[in-house]
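Enquirer: Please model the complete structure; the sequences and the hints are all you need to start from.
Just so you know, the sequences run in chain order A and B.
Following the numbering used here, the numbering of the first sequence begins with 1 at its first residue and continues without gaps.
Following the numbering used here, the numbering of the second sequence begins with 1 at its first residue and continues without gaps.
Hints may contain errors.
Stated by the list, open to error - Beyond 10 angstroms from chain B on every Cβ pair, some chain A residues (computed):
(1) PHE51
(2) ILE115
(3) ALA272
Said to hold, decoys possible - Not everything, but these chain B residues come out facing chain A in the computed CB check (under 8 angstroms):
(4) HIS17
(5) SER127
(6) ARG134
(7) ILE197
Claimed, not checked - Listed next, the in silico DSS-like pairs over lysine-lysine satisfying Cα-Cα at most 30 angstroms (straight line):
(8) LYS60(A) to LYS21(B)
(9) LYS56(A) to LYS21(B)
(10) LYS34(A) to LYS338(B)
(11) LYS34(A) to LYS195(B)
(12) LYS402(B) to LYS338(B)
(13) LYS186(B) to LYS34(A)
Hint data in this document are derived by calculation from the structure and do not stem from the laboratory.
Here the structure is a predicted model, which means the values were calculated and not measured.
A virtual CB, placed ideally from N, CA and C, is assigned to each residue, including glycine.
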Amino acid sequence: MTLVTTIGEIILWTVIVSLFGLIAGLFLLGIDRKLAAHMQARIGPPLRQPFIDIRKLLVKENIVPENAIPWLFNMAPVIALVSSLVILLYIPLGSLISPLGMYGDLILVMYLLTIPALAMVAGGFASGSPYATVGAQREMVTMIGYEFPLAIVVIGIAWRLWAAGVAHPFLLSSIAGNPVWGIVGPLGIAGLILLLIVLAVVTPAELSRIPFDTQEAETELAGGLLVEYSGRNLALFSLSTAVKTLVMGALAVAIFFPWNLSSFVALPAGVAQVADLLFFLAKVVLVMFITVTLVRVGMARFRINQVVTVYWVYFALIGLAGLLLLMADSALGTVAGVL
Amino acid sequence: MSEEKKSPYIIPIGPTHPALKEPVMFTFRMDGEVIRDVDFAPGQTHRGIEWMGMRRNPVQIVHLTDRICGICGVSHTLAFSRAVEQVAGIEVPERADYIRTIIAEFERIQSHLLWAGVAAHELGFDSLLHLTWRVREQSMDVIENLTGNRVNYALVQVGGVRRDIVPEQHRIIEDCLSTYEGLLGKLLDLFLHDKTIAMRCRNVGLLSKDDALKLCTVGPTARASGVNVDLRQDYPYCAYGDLDVRAILPDQHLGETRGDVYDRIVVRLLEVGQSCGIVRQCLSEMPSGEITAEPKLAKLLAICKKARGEAIGRVEAPRGECFHYVVMEGKEAPTAWKVKASSYSNLMSWIPMLRGEQIADIPIVVASIDPCLSCTDRVAVVRSGSRSILTKDDLHRLSVEKTRRLQQ
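Expert: Okay, here's the thing in structure tokens:
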């Protein structure tokens, strides 16, 4: 295999995965809207509504406000979409090998996850609107809030894998390859459940959903960060949200629920990959339903200071408790091993 | 200008903004997320209804008053009719008074439920909005059954009402009342025991009893601050004199009064239950008889045309006291007609409520007084394209000038 064919293969897979990410992400949004509508005793839009919305936005005029900084204002949505798509290249989708999975690990994914948010912040500040400015400030505060609990989850899982002797514990392929539930004892299971809860609570904030949607808060800031965006730029931001929804679902699945159908049932090679992909999508839908749809239907929006308290006090503590339980579990395991 | 850009910076909210259901212009001076100061300018939805009214006869005006507000149509028609009836000396039959009371209470039920949904939406709790508004539909159906319309009921007429409530309708009303009485506990539970709602509403938008009295607030806004006012108790009209209506105060339910948004939710939800009780009592005690003092409109007009004098009609609308002032001088149209909607008295309470709160609290605090700006906006001063602000001294001078003009 020459370098050229490897690069060609990566580019091909990148295109395929990106297209898959866009389509699956938009369908996820459609499913979310439909389920939320049914829970609120409404009929709700058809599943393909997000596609219709994107098509409409793409033909609409793209307005750049007079006191915006045009290059930054126009660049932010592109960066947001591209960085969300890039994350997808590192995350295993079913039993398919992620195209860049070998070149980056969970730490990189964590950094990449901040880029769409940072792009939105830059775009918000560049809009030159007081609503967008307040929204951008809130987004930054929210990011500071949820990054810490998210880091605890990532470190906790990787550390436990390392303690169990897994090579390259931060690589998503090794995390997915060694389901962490299998290598821990009862204490560790309790710890993992706590970490799972923390990840579930970080997800709506990553995706700017109720109750953590203070940066967009329709009734307060009329869309906040996105208030000045229209047409193509807004379409790009919507696509980026769609891809991020898939990414967060895929991340939770890769870390906590990595099992594939093909490992339980013997299937022919081609069928197995398709079955695994469908099973993976089903898991993502389930994760999204619980962490996004159910939460946003059942709660009111927090105030920004409450968001920070929720993350820094309650969920950081829950995360740390989970981490401690994992450590205790590992120590017990070592003791048992020695005995 | 460069001074203004620094802290405190300015956030304009309005005239149209998702936080506002009707147009009004807010200017917030912000310090970070905290509101330092706030000013607001109503007058964005002035429609000149009084001007139209002064060119019509009372029978026609009643239908204009229906359209002052989409929610409290009964209150305005009732207040206006009561003013005209006093001027013309028309005695309203007792049965009509009971029917007026029933429809007014149904209006209160649907208005408070509508408000509860809006409040949930302002908090970002859309499920509760959809739930409350679905529940509200049943009262709208009953209103449609009683009056023929969902909004702009056209039921109240000078001298009485236009439609009777027949025995077959009692069952429909009773069904609706028992549904609401059964649901009330659930609604109170959803709104008062939900953690996020308590977090967002407790100690937010505080209005002390002193401020509430000083700013002459009315209705649920005043009652939530512990002011014991309710026209139905203090100045009984229609059938309220025969009934035992007591103002609902938050300490009856919670044991204390704080005057925050939470208390306003409590007062309104409890008033839904109270209204159900009032309607039921009215139905059982309703006397038989005529429903209007004068069924022939031509004759009614002739009576109104002869009337001379001035009177005020006061009604406890869902949002507080609604007040109509009418002067008739033996002509077909009234010489003066002044509408003071309940929100007019309540708007100023926004300023002490909002000061010191956060941006996130603006929508719910603004909504908490249930502002109805299309009711309130009675004047817009626009001279050669520029707006100007009239101070108390200006208004005093203008009114003295007008009196002098009238005396000549």
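Enquirer: Are the hints correct? Go through all of them and say.
Expert: A quick look at each hint next to the structure:
1. With a closest Cβ-Cβ approach of about 23 angstroms to chain B, PHE51(A) is found to remain outside the 10 angstroms limit, as its non-interface label requires.
2. A cut-off of 10 angstroms between C-beta atoms confirms that ILE115(A) is not in contact with chain B; the least separation is 25 angstroms.
3. Under the 10 angstroms C-beta cut-off, the non-interface status given to ALA272(A) relative to chain B holds; the minimum distance is some 40 angstroms.
4. Look at HIS17(B): its Cβ gets to within about 6 angstroms of chain A, closer than 8 angstroms, so that hint holds up.
5. Annotation: interface hint on SER127(B) holds; nearest CB of chain A at approximately 5 angstroms, less than 8 angstroms.
6. Look at ARG134(B): its Cβ gets to within about 6 angstroms of chain A, closer than 8 angstroms, so that hint holds up.
7. A least Cβ separation of about 6 angstroms between ILE197(B) and chain A falls short of the 8 angstroms threshold, and the interface hint therefore holds.
8. A hinted pair counts as satisfied when its Cα atoms are at most 30 angstroms apart, and LYS60(A) with LYS21(B) qualifies at roughly 27 angstroms.
9. About 27 angstroms separates the Cα atoms of LYS56(A) and LYS21(B), which keeps this hinted pair within 30 angstroms; it holds.
10. Annotation: proposed proximity of LYS34(A) to LYS338(B) is violated, straight-line Cα distance about 49 angstroms (limit 30 angstroms).
11. Pair hint LYS34(A) plus LYS195(B) holds up; C-alpha atoms about 26 angstroms apart against a cutoff of 30 angstroms.
12. Between LYS402(B) and LYS338(B) the CA atoms are separated by roughly 15 angstroms; this keeps the pair inside 30 angstroms, and the hint holds.
13. Under the criterion of a C-alpha separation no larger than 30 angstroms, the hint pairing LYS186(B) with LYS34(A) is consistent with the structure, at around 26 angstroms.
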